Each structure stands twice: as structure tokens, then as C-alpha cells.
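Q: Protein chains in written order, with the working numbering: chain A, 1 to 369; chain B, 1 to 369; chain C, 1 to 288; chain D, 1 to 288.
Since the hints were derived computationally from the structure, they do not count as laboratory data.
One thing to keep in mind: the hints can contain errors.
Said to hold, decoys possible - Listed next, the in silico BS3-like pairs over lysine-lysine satisfying Cα-Cα at most 30 Å (straight line):
hint: 1; chain 1: B; residue 1: K86; chain 2: D; residue 2: K243
hint: 2; chain 1: A; residue 1: K86; chain 2: C; residue 2: K243
hint: 3; chain 1: D; residue 1: K202; chain 2: B; residue 2: K2
hint: 4; chain 1: B; residue 1: K361; chain 2: D; residue 2: K237
hint: 5; chain 1: C; residue 1: K243; chain 2: A; residue 2: K202
Claimed, not checked - One side of the interface only, derived from the structure: several residues of chain A facing chain C at Cβ under 7 Å:
hint: 6; residue: S108
hint: 7; residue: G121
hint: 8; residue: E125
hint: 9; residue: E126
hint: 10; residue: A209
hint: 11; residue: Q261
hint: 12; residue: G264
hint: 13; residue: F302
A quick note: this is a predicted structure, and the numbers were derived from the prediction, not measured.
Just so it is clear, CB atoms sit at the ideal spot from N, CA and C, and this is done for glycine as well.
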Amino acid sequence: MKLFECMGKDLFRSQGIPVPDGEVITQAAQAAGVLERIPAAVLKSQVLSGKRGKAGGIKFPRDAAEAVAQAGELLGQELQGYQVEKILVEEKLTIQHEYYLAITVENSMRCPLILASAAGGMDIEEVPEEMIVRRPVDPVLGVSEYVGREIAWRMGLSGEPSKQFAALLPGLYRLFMELDAELVEINPLVWTGEKLVAADAKVTVDDEALYRHPDLPRVEEKTALEQKAQAIGLSFVELDGDIAIMANGAGITMATLDIIQHYGGRPANFLDAGGGANVEQTAQALELLLATNPRVIFINIFGGITRCDDVATAFSQVKKTRGIPVPVVIRLVGTNEARGVEILRETGIEAYRSMSEAAAKAVELAQKA
Amino acid sequence: MKLFECMGKDLFRSQGIPVPDGEVITQAAQAAGVLERIPAAVLKSQVLSGKRGKAGGIKFPRDAAEAVAQAGELLGQELQGYQVEKILVEEKLTIQHEYYLAITVENSMRCPLILASAAGGMDIEEVPEEMIVRRPVDPVLGVSEYVGREIAWRMGLSGEPSKQFAALLPGLYRLFMELDAELVEINPLVWTGEKLVAADAKVTVDDEALYRHPDLPRVEEKTALEQKAQAIGLSFVELDGDIAIMANGAGITMATLDIIQHYGGRPANFLDAGGGANVEQTAQALELLLATNPRVIFINIFGGITRCDDVATAFSQVKKTRGIPVPVVIRLVGTNEARGVEILRETGIEAYRSMSEAAAKAVELAQKA
Amino acid sequence: MAIYIDENTQVLVQGITGRQGSFHTGQMLAYGTRIVAGVAPGRRGQTVEGVPVYDTVAEACSRYRVDASVIFIPAAGAKDAVLEALEAGVGVVVCVTEHVPLHDEMLMVAAARRKGAVLIGPNTFGVVSSGKCKIGIPPNQVFVPGPVGVVSRSGTLSYEIVANLLAAGIGTTTVVGMGGDRIAGRNFIEVLQDFENDPETKAVVMIGEIGGTAEEQAAEYIRHHLTKPVVAYIAGKSAPPGKRMGHAGAIIERGRGTFAGKVQALQAAGVQVAGLPLEVPELIKEVI
Amino acid sequence: MAIYIDENTQVLVQGITGRQGSFHTGQMLAYGTRIVAGVAPGRRGQTVEGVPVYDTVAEACSRYRVDASVIFIPAAGAKDAVLEALEAGVGVVVCVTEHVPLHDEMLMVAAARRKGAVLIGPNTFGVVSSGKCKIGIPPNQVFVPGPVGVVSRSGTLSYEIVANLLAAGIGTTTVVGMGGDRIAGRNFIEVLQDFENDPETKAVVMIGEIGGTAEEQAAEYIRHHLTKPVVAYIAGKSAPPGKRMGHAGAIIERGRGTFAGKVQALQAAGVQVAGLPLEVPELIKEVI
């Protein structure tokens with residue numbers, strides 16, 4: 001779960017990491033009050049997109065009147081698919097230098113990894129590799145100030161910036177650990193000439209660990225349909241094609257999408273019905289597929305724990321109770337295959353044994369529809 | 001620093017470890033109010049002694065009137081050298097079984113050690129070794145519930161007590177770690193038939209780490225003179241003999257006490273003036289020695305970082321400014337020895353080179369005095 | 001030979017009394033797995049499919065030689081269960097549980113390293129040494145002995161490919177579910193190394209997917225250290241960036257973890273990459 | 001030969017610009033110790049007694065081969081300094097600092113083990129390989145080469161006994177300050193083992209004190225593993241229970257750590273225990 005910048009900054013503040021003075025507003029008129037206190041301010045749209053600056057989501061008002069006007073423009077505006085509902089009005093920093101600092105998880109070493117660069121302010125992917133300091137963290141040793149001093153040295157810092165960098169890093173690591181974060185990122189980390197200040201805050205919390213953080217406000221990035229799928233425990237992603245797809249297992253569902261594309265089709269979704277889904281869960285999954293208004297439905301089942309007869313029964317039920325208005329192609333092999341094929345035949349559908357043939361057929365039907 | 005039982009129980013409560021319902025009172029009359037809420041109560045004197053039960057520091061009043069009377073007796077009373085200033089009035093537990101549970105530091109493995117026994121309620125030293133479960137903690141793995149289940153199994157617990165034991169152990173470990181504790185001990189840990197409850201709480205915090213716990217109330221166990229020594233950075237322990245002793249280094253100071261005893265003398269104190277004490281610190285140390293009203297003063301200096309001339313100068317100053325009313329024996333060897341011996345000679349004292357000879361002389365003078 | 005487990009492996013089931021645990025205990029026994037005990041706190045004295053149940057791994061290990069443990073415990077308790085097995089000295093720990101928090105996984109891996117144990121998963125279908133021992137949840141019928149080792153990030157896709165191999169007359173030594181999360185107890189490189197050292201394994205099938213750089217790093221490893229032929233299939237060619245495709249690890253982020261990047265890296269290391277799952281058996285036939 | 005350090009050891013001083021750090025840098029140089037660099041954050045570019053100062057151990061280690069580091073940093077920063085040296089790959093870390101919190105010490109020890117490094121201290125006077133290298137704070141004059149290894153929990157008492165040995169014409173191989181705290185990076189058993197493996201050391205003097213069970217455990221170790229003769233002196237015979245005698249470790253608690261218990265254990269292991277510091281040389285003469 002990604003957090004809004006203003007939430008990330010609140011968390012930074014709680015760990016003693018310096019952030020600019022600022023306030024969150026939800027109505028344009030509130031900007032005037034903040035500008036009274038902070039005359040040199042910047043308005044930052046609180047959306048989850050990483051490129052909001054380039055998209056016009058950040059404004060630099062000259063005075064309170066302009067701040068109110070600009071806030072009015074921003075609020076309610078759509079920014080790269082996200083509605084602006086909140087603006088962070090904060091102190092404009094004097095920028096002498098911009099650094100980059102993040103903590104993430106290194107998948108192959110399987111430990112926290114600190115990333116830092118003297119070239120901040122741009123996306124880290126655009127920074128040349130030799131400008132990036134990568135420092136894995138030994139979980140026994142953790143991160144105390146010397147780690148910050150070492151990284152600062154490798155970044156080419158010395159004196160006061162080095163000292164302040166070393167002082168703030170342990171707090172960022174503590175936050176990363178306590179929050180079950182996948183990523184905490186400060187970009188840019190601004191040197192004002194006097195202070196290192198986190199000018200932005202990007203925090204992503206591990207979705208699987210959210211239950212351990214009941215007090216953390218929830219930020220929703222999923223579509224309505226994706227949320228519905230999540231509520232019933234299915235892994236579902238909306239795509240922009242016209243062939244609705246369901247399979248059992250994340251890998252085989254991806255492979256099913258790929259094979260549809262291979263034959264020239266366009267998947268409408270990713271839907272992993274999981275291993276061992278029963279009749280009712282399968283029926284719910286079918287409802288989700290229908291909600292994407294596809295031209296064709298393609299179901300690809302390799303029955304292991306999942307029983308082919310359960311899938312066929314669910315299909316038959318949904319067909320009878322609410323009707324299925326589009327062509328359906330089903331590939332069905334594995335546990336209780338014969339019984340499943342029989343049930344499908346009774347609903348008028350001939351199951352395929354080969355994944356490739358079935359996919360080719362689904363694409364053909366979609367192109368005809 | 002040892003904490004009072006009531007402080008330990010507050011900390012237990014903060015970690016979700018069940019403790020009896022109770023309140024702290026400082027005046028006898030307050031007992032009546034608590035008894036209204038908790039009719040079956042026990043009065044527990046809040047002193048640091050481990051044997052307060054046997055010494056009469058715990059009372060079981062039949063009613064509110066008796067509680068007030070007993071509280072009146074206890075408050076202000078001296079219990080094994082400690083003045084009773086607070087009483088914990090708490091719920092009397094139904095005791096079906098008493099267990100023992102503690103976490104301490106294992107010096108040789110140099111890691112936390114969990115100690116547990118099904119034979120609680122008595123001092124752990126009195127429990128037969130085969131009844132004690134010892135479980136070192138790997139700092140990488142920490143203590144989660146399975147550790148509690150494993151220990152419970154080794155203690156012979158099962159069912160509900162095992163479950164509750166496993167649930168409370170991680171909280172006790174967290175407390176041990178967060179508090180920089182040397183010891184956290186629950187003895188007895190009472191099984192009431194329904195719940196495991198910490199009937200007592202013994203918590204010792206590492207003195208060297210107290211600076212990290214500014215919010216923790218301070219409990220003072222030192223004598224006035226010991227506190228004064230601590231304030232000036234000296235390591236000082238009052239003893240009951242008549243030869244005041246000062247040396248430089250903890251080991252050699254202990255050895256000096258031993259050698260005094262070896263010759264039949266009785267040390268009045270332990271005073272380690274430290275390595276590298278200067279003139280002023282040495283003078284302050286001498287003032288402390290005089291404050292014990294000794295019959296003889298014995299100073300044993302092996303000058304490494306400590307300079308013999310500094311010690312001699314300090315002695316000479318104190319002698320001139322406030323006078324030293326008792327005989328002084330000084331052994332002085334090492335850095336700047338010749339100059340030190342010369343300064344002492346000017347004050348009328350002949351320094352010894354041999355520790356043994358000097359100690360024998362000090363004992364002889366004390367016996368004559 | 002095979003890797004990690006064989007016909008002598010004695011297995012413990014943690015969470016044996018749950019729905020998944022009890023069902024798969026039956027399935028594993030049916031495959032021939034030597035399950036000696038189960039653990040479920042508070043259920044000591046019960047039996048599941050004839051297997052005795054204990055409160056703690058420590059007690060089970062005091063009564064039986066336990067070589068491997070498989071964990072069917074909900075995500076919130078998975079870390080606890082893995083650490084319990086590791087501290088009791090179990091050498092191979094298979095964590096089937098999905099939705100395990102990432103930080104718990106880092107701790108599990110650190111603990112397994114400290115103990116010198118093999119951790120498989122989490123979010124894995126398990127590991128099967130064909131014809132000898134199955135630990136985990138895959139269907140029994142497709143695992144028939146043969147010369148190919150398989151390592152994979154996903155379950156059903158592996159069964160599909162293993163079934164394709166079998167249909168072509170090719171059996172398997174050991175099939176390892178690396179797990180679909182961002183981090184895995186045993187990753188591609190480590191499993192490839194283990195297959196390299198297994199005399200029975202003549203070739204390896206590696207089933208990857210988009211997200212992360214595990215496949216790229218494996219490619220680098222293969223190039224320098226592997227003498228045995230490797231055939232790969234990578235799922236997720238059609239997945240858009242920024243979307244998590246079911247598995248926690250299956251997401252293209254910040255330009256990393258793309259299908260094209262993985263295929264390129266593998267091909268540069270001499271690995272044959274199948275375009276469709278169906279092509280894997282043909283490619284394997286070419287190399288063995 | 002000697003243990004831990006010798007004439008080739010290149011030494012780093014952490015906290016070199018402080019009062020203690022700079023004074024003892026001069027003293028160590030005067031003894032002949034090869035100090036190559038110092039560290040003091042924010043003091044990069046300065047020199048102390050001619051020794052160049054850097055901001056970080058990492059930078060110093062990038063410029064010089066550093067075999068050992070000695071830490072003169074106040075207690076609140078000692079853990080940080082030890083971990084910094086260990087993570088930079090320094091093999092012998094001597095922590096002179098006193099008043100280090102117990103939990104920090106546990107972490108230091110765990111870290112040193114993880115890195116396979118030798119940690120001496122904290123709260124130690126240091127370590128001296130006589131005539132070759134002195135790391136720490138003891139006075140220079142008493143450390144003269146000879147056949148006796150010394151390991152001790154306390155500083156000045158060691159100098160006293162080493163001086164007594166010298167007065168009797170007996171020099172030392174290495175004198176190791178174990179440290180006076182409850183836990184020590186290198187404890188009696190480990191140092192005894194290292195002396196056992198040092199061909200130059202013919203006998204060992206062990207200087208213990210009341211508190212804890214380090215001496216009892218050392219006795220057990222000596223009985224089973226040591227072939228070289230050991231002479232011991234134990235301080236604190238006259239100390240009352242429950243009182244901390246200067247050192248954090250020097251306290252008799254719950255009936256453990258008594259003088260009598262230690263002497264008995266040592267004697268049972270065949271160790272000669274001196275009644276007074278002065279008797280140590282005579283006992284050593286009897287065994288070498």
C-alpha cells in the first residue's frame with residue numbers, strides 16, 4: 001500500500017527526520033491561512049503518481065490569493081488517473097543540493113538494502129550506476145550512525161551534511177522495519193545550506209502486513225472490481241482487452257494471458273481463481289469475469305487440488321441462474337476431468353484438453369464477435 | 001537499578017502480561033478505599049528486599065478496618081534495612097500452582113537466558129537443577145510464541161496454562177530488551193485455575209543504560225556517601241571496618257581489601273579512584289575516605305596512567321587545608337614515583353614500595369588506635 | 001539421488017489438524033511420503049490420518065528423527081512455525097503458506113542461514129523428489145521419476161509443464177517450488193547449484209515469471225557455473241508494468257523485471273527459452 | 001609468536017582526537033605499536049601524533065591495511081564504533097570504553113561472532129604482545145618479552161602482577177585484558193585456548209575476581225583441555241555479597257560468584273591459586 005506524501009512526512013517527523021513545515025488542506029480557501037504562516041510556500045497535490053510535478057500537480061504561488069486560486073484548480077482535478085482530494089501546502093526550501101536516499105528489500109540477498117546517491121531529484125533509474133551507493137543491511141547489526149557515515153563518505157559527503165545524513169538514517173531504517181515497509185524513499189533529500197530536509201516522502205507498506213498496522217490510514221489504489229475480487233479472496237487485475245480469463249494459479253494465469261496474446265488476442269483481465277477453489281468461489285469468479293463485459297470468456301483449468309467437476313458445476317449453475325451472454329471456451333484437464341467434461345457437455349460446451357488449441361479458439365471467437 | 005514491585009507490574013501491564021488488580025497507597029487511610037473495590041486484598045510493602053514476606057512485610061487483612069491498621073503498622077517501618085514508604089494493595093489470588101519465570105543475561109554465552117520452573121514461589125537457588133528449564137535466546141531469532149510453547153512443554157505444562165505461558169513470554173522478552181534489563185523475574189507466576197498471573201515482579205535495569213530511559217522513575221539503593229561518590233565519578237562501597245582504603249583500579253582495590261583482611265584488618269570501604277585520576281579527583285576521593293571516620297587510611301597506588309606525584313600532591317593539599325586526623329599509610333610505585341615519594345616526605349610520610357608491607361603496617365596501626 | 005528429500009526423508013507436518021494440513025497429509029501419505037508426526041498446539045494426543053499429533057516441534061523431534069517439516073499455518077503464524085522448526089534442528093523446512101509478510105520472510109531466511117538449513121518458500125507448492133517423497137500440495141499423478149530437475153516460481157504452471165514433459169515420456173528428479181513471493185528461502189541460483197551437484201539430474205527446467213531480477217541473476221550464474229543444460233519458460237510476457245499479477249513478486253517496477261530483459265539474459269547465458277509451455281518438452285529432448 | 005597481535009599488526013585508533021585517544025596514541029607509538037590511522041567523525045584531514053585522521057573506519061580501511069582497532073569512544077557511542085570496525089572487516093577490535101550498557105555488549109559479541117573477529121573488552125586495559133605491540137592503556141614499562149601469557153579481568157592488578165613477575169625475572173608473551181564487565185568479547189576459556197595454541201607461551205597466569213562463573217567455567221575447561229600450567233589469583237575474597245566492587249561483573253549474587261567457589265573449582269582443576277599477588281612469581285617458577 002502506497003502512502004500519500006503527507007502521511008509519509010508525518011511518519012518521518014515521528015522518527016526525527018527533518019521535513020518542511022506544512023499543512024494539508026482539502027478546500028482552496030484554507031490555503032490563505034497557511035500562506036499567512038508560511039509566506040514562501042509550495043502547493044503539492046497529494047496523489048500516488050510519481051510524476052505529478054511534470055503533470056502540473058505542484059504549484060508555486062506568489063501570494064495568498066494566487067495560492068487559493070491554484071489550490072482551487074488542483075482540487076478535484078484528475079492527475080494521471082488520480083483525483084486530487086488533498087493538497088500539502090508547505091515551506092519552499094532553499095535548495096543547495098539534492099540527494100537521493102531509500103531503503104528497500106533486496107530480493108536476491110533477501111535483506112534490507114539502502115540506496116543513496118549524490119544525484120537526487122531525478123528518478124533513481126535515470127541515475128548512472130556508478131553514482132549509486134548500495135549498502136545491504138545485516139539484520140543482526142541493524143543500522144546505527146556509522147552506517148550513515150560510511151554511506152555519506154561513499155556519496156562524497158563530509159562535514160555538516162555527512163553528520164546530518166548519519167543522524168537521520170537510523171530513523172529511516174527504524175521506520176522501514178516498524179512499518180513493514182517495502183520501500184521508504186526520500187527524493188530529493190535537500191541540503192538547504194544549513195539542514196538536510198526530506199522534501200518528498202514515498203512510503204510503500206507491505207500489503208500482507210497491513211493487519212499488523214491497524215492505526216495506519218488505508219489508501220486504496222485498486223479499481224472497484226479489483227476491490228470486490230480482493231474481498232472474496234481472488235487475485236484479479238483489470239486489463240483493457242476483450243477476452244475474460246480465469247485460470248487456477250498465478251503462473252498459469254499469466255501464461256494463459258501470454259498465450260492469448262500469442263495468438264493475437266487481448267486479455268480483459270488477470271484472474272487467478274487459486275488452487276482448490278470450490279463451487280461457490282468459482283461461481284463468484286465467473287461473476288467477476290462477466291462484470292468486465294468481455295466478448296469471450298476463456299477458462300483454463302489444470303486440476304490438481306482444484307477439481308474439474310467443481311469448476312464445471314459452478315459454470316453450469318451460473319449459466320442457469322443468470323445466463324452467460326458471450327461465447328465460452330474451457331480447457332479442462334486433471335482431477336475428476338471425465339466428470340467435469342460430462343457436466344460441461346450437458347450445458348452445451350465441449351471442453352478442450354490442449355491449452356494452445358483452446359486459446360487459439362478463444363481468440364478466433366473474439367475476433368469474430 | 002532495581003525497580004519496586006509496583007513499577008515492575010506497571011511495566012508488565014504495558015506488555016500485556018496479566019497482573020493482579022491493585023493500587024499503591026502511601027497513607028494507611030487510603031487502604032479503606034481500595035478494600036471497598038477489592039475486598040479480598042493483600043498488603044505488600046514496596047521495598048527492594050527479596051525476603052519481605054518472611055520479614056513480615058506482607059499482610060492479609062480480613063476487612064477494611066484491619067487493612068488500615070496493618071497499613072499503618074507497615075508504613076514507616078524498617079524492613080531489612082529499607083524504609084517502607086509505599087504499599088501495594090492488590091487482589092488476593094486463588095493459587096492452584098506457582099511457577100517461576102525469569103529472563104537474565106548468561107555471562108558465558110553472552111546472550112539472554114530464559115529460566116523457568118514448575119517449582120515457583122521459592123528462591124530459584126533452592127530449586128533442584130533438574131527442575132529448571134534454561135533456554136538461551138538467539139538474538140537473530142528473538143522470542144516468539146513457539147519459544148514459550150517449547151519451554152512450557154519442558155516444564156511439563158499443557159493445555160490452557162501452556163497456551164497462556166506461550167502468550168506472555170514474548171511480552172516479557174520485549175520488556176527485557178526495551179528496558180535494557182539485567183533481570184526480569186516473575187516469582188511466583190500463579191495459575192489461578194483460569195489465568196496465569198504475575199503475582200510478583202522483580203525488574204533490574206542496567207545502571208549503565210539508565211541514560212537511555214529518562215522516563216523511568218529512579219530508585220536509589222546507595223548510601224548517602226555512595227551517592228556522593230557516584231556524583232564525582234568514583235566507584236565506592238561502604239563496608240563496616242575501620243581501615244579506609246583507596247586504590248586505582250577495581251581489581252587492585254579488591255586485592256587491597258583482601259590483603260588488609262589477610263593481615264587481620266577490617267576495611268571500611270572499597271574506593272577505586274580509577275586509572276588516571278588527577279590531583280582534584282584524588283583530593284575528592286580522600287575527602288570520602290575521611291567521611292567514613294576510619295582509624296587508619298591506606299592508599300595503594302600502582303602508577304600507570306595515574307601519576308604518583310599527582311596523588312602525593314593531592315594528599316599534601318588535603319592535609320594542609322582540612323587536616324587528616326588519623327594515621328595514613330601510603331604505598332606508591334610507578335609513574336613519577338621519585339617525585340611523589342619526595343612530596344610525601346615533605347608532609348612527613350614515608351611511602352612504601354611493597355603492597356604487603358604497607359598493608360601489614362596499616363593493620364598494625366588500626367589495632368593500636 | 002535427488003535433491004533435498006528422498007525415500008528416507010522423515011517428515012513433520014506443522015498445522016496438521018487444519019483443513020489444508022489434514023487434506024494434504026492424506027495426499028502426501030498416498031504419494032508415499034514418510035510422515036512421522038504432526039504438530040498443532042493444544043492438540044497433543046490426537047491423530048490425523050493415523051499420524052500422531054504433538055503440541056510442539058521440540059516434542060515431536062524428541063520422539064522421531066525429523067528430516068523435513070512442511071508448514072500449513074496461516075500467514076500470521078508462519079514465521080513462528082518456521083523458526084520453531086529451524087530451532088528444533090529440522091534441516092529442510094517447506095513453507096506452503098501464502099501472504100507471509102515480507103519482513104517475516106527476511107527473518108526466516110536469516111534464521112535458515114544461521115542454522116544452515118534449507119528453507120523452501122514461502123508461498124510454494126512444495127518440493128517433490130519423484131517417486132520418493134512429496135512435501136507440499138501438488139497433485140500426485142504427474143511426478144514420475146526421470147532425468148529432469150525443475151525449479152519454478154509458480155505451482156499450477158509447473159504441474160502443466162511437468163505433465164507436458166511426462167506426456168512426452170520425460171520424468172523428473174526433483175521438482176522445487178521456489179515460491180511466488182518477492183523473496184524465496186531457496187532461490188533459482190541455489191537450486192540450480194543443487195541440481196548441478198545431483199548426478200541423476202541431466203537437465204534443468206526453470207520456470208520463471210516477470211518481476212524482480214531472480215531470472216537475470218540466475219542467467220549470470222548459469223553462464224559461469226552450470227555445466228548442465230537449462231531450458232526456461234517465463235510467464236507474464238503480456239503483463240502491464242506496475243500491476244501485481246497474483247504473486248507478490250510478479251510485478252514490473254521501475255523498469256525492472258520485464259519479460260524481455262529476462263529472456264535476453266537467459267538466452268545470452270545459452271539457455272533455451274520456450275515461447276509456450278508446450279514447447280518445453282521439445283527443447284528438453286534436444287539437450288538430453 | 002604471541003596471540004592476537006604482533007610486530008606486524010597495523011592498528012587503527014577510533015576516537016583518536018579525544019583526551020584519552022590522543023594521549024594513548026602517543027603512549028602506544030612510544031611502545032612501538034604500528035598505528036596507521038585514526039578515526040574521528042568530522043576531523044578528517046587532521047593528524048594526531050603524526051597519525052592521519054579520517055571520518056570513517058571504511059575510509060581508513062580503504063587506505064591502509066588495518067589488522068586491529070582500538071576504541072576510545074564514550075560509552076554511548078561504543079557499540080556503534082565496534083560495529084563499524086567489525087563491518088569494515090577489522091579482525092581484532094579492542095574496546096577500552098567502560099560503562100558500556102550490557103545489551104550493547106551482547107550485540108557487540110553477536111556481531112563479532114558473525115564476522116569471525118576477535119573482540120577484546122569492553123572495559124579492558126587492552127592487549128599487549130610484549131616487545132611487539134601494545135593496544136590499549138597499560139603503562140609501557142612492565143611489558144617485557146618472556147614465556148608467560150596473562151589473562152585478566154582487571155587493569156592495575158594485572159600491571160602489579162606483571163611487574164611482580166618482571167621483578168622475579170619473568171617476562172610475558174601476551175597480556176590480555178578480558179574486561180571487567182559481566183560479559184566479555186573474549187573470555188577466559190577462549191583466551192586460554194589461544195594461549196594453549198601459542199608455542200611461545202609456556203605457562204598462563206589467570207587473574208580473576210568475584211562475580212559470575214567465568215573462573216569456574218575456565219576451571220572446567222582447563223581440566224579437560226589445557227596442557228600448559230596455569231597459576232591463578234582471584235581478587236575479592238573479602239567482598240560482601242550483593243555489593244558491586246567497581247567492576248560491573250564483580251558482584252556476588254544469589255550465592256553465585258563467591259571467592260571460595262572459584263578457588264575450589266580452580267584447585268580441583270589442578271590450578272595453583274596464589275593467596276597474595278606477590279606469590280604469583282614463585283608459583284610460576286615452580287611450573288616453568
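Q: None of the hints should be skipped; say for each whether it holds.
A: Each hint tested on the structure:
Note on K86 (chain B) and K243 (chain D): the hinted pairing holds, with a Cα-Cα distance of about 25 Å set against a maximum of 30 Å. Note on K86 (chain A) and K243 (chain C): the hinted pairing holds, with a Cα-Cα distance of about 25 Å set against a maximum of 30 Å. At roughly 45 Å between alpha-carbon atoms, K202 (chain D) and K2 (chain B) are farther apart than 30 Å, so this suggested pair is violated. Using a Cα cut-off of 30 Å, the hinted pair K361 (chain B) and K237 (chain D) holds, with the two alpha carbons roughly 20 Å apart.
Only pairs whose Cα atoms come within 30 Å are accepted, and K243 (chain C) paired with K202 (chain A) is accepted, the gap being roughly 18 Å. Because the closest C-beta pair between S108 (chain A) and chain C is about 5 Å apart, less than 7 Å, the hint holds. Because the beta carbon of G121 (chain A) sits about 16 Å from the nearest beta carbon in chain C, more than 7 Å, this interface hint is broken. At about 5 Å, the closest approach between the beta carbon of E125 (chain A) and any beta carbon in chain C falls short of 7 Å, and the interface hint on this residue holds.
Look at E126 (chain A): its Cβ only gets to about 10 Å from chain C, farther than 7 Å, so that hint breaks. A distance limit of 7 Å between C-beta atoms decides the matter here; for A209 (chain A) the minimum to chain C is near 4 Å, and the interface restraint holds. The interface hint given for Q261 (chain A) holds, since its Cβ lies 4 Å from the closest Cβ of chain C, which is under the 7 Å cut-off. The interface hint given for G264 (chain A) is broken, as the beta carbon of that residue sits about 12 Å from the closest beta carbon of chain C, more than 7 Å.
Given hint, F302 (chain A) at the interface with chain C, holds; its Cβ is 5 Å from that chain's nearest Cβ, closer than 7 Å.
Checked against the numbered hints listed earlier, the structure breaks hints 3, 7, 9, 12; every other hint is satisfied.
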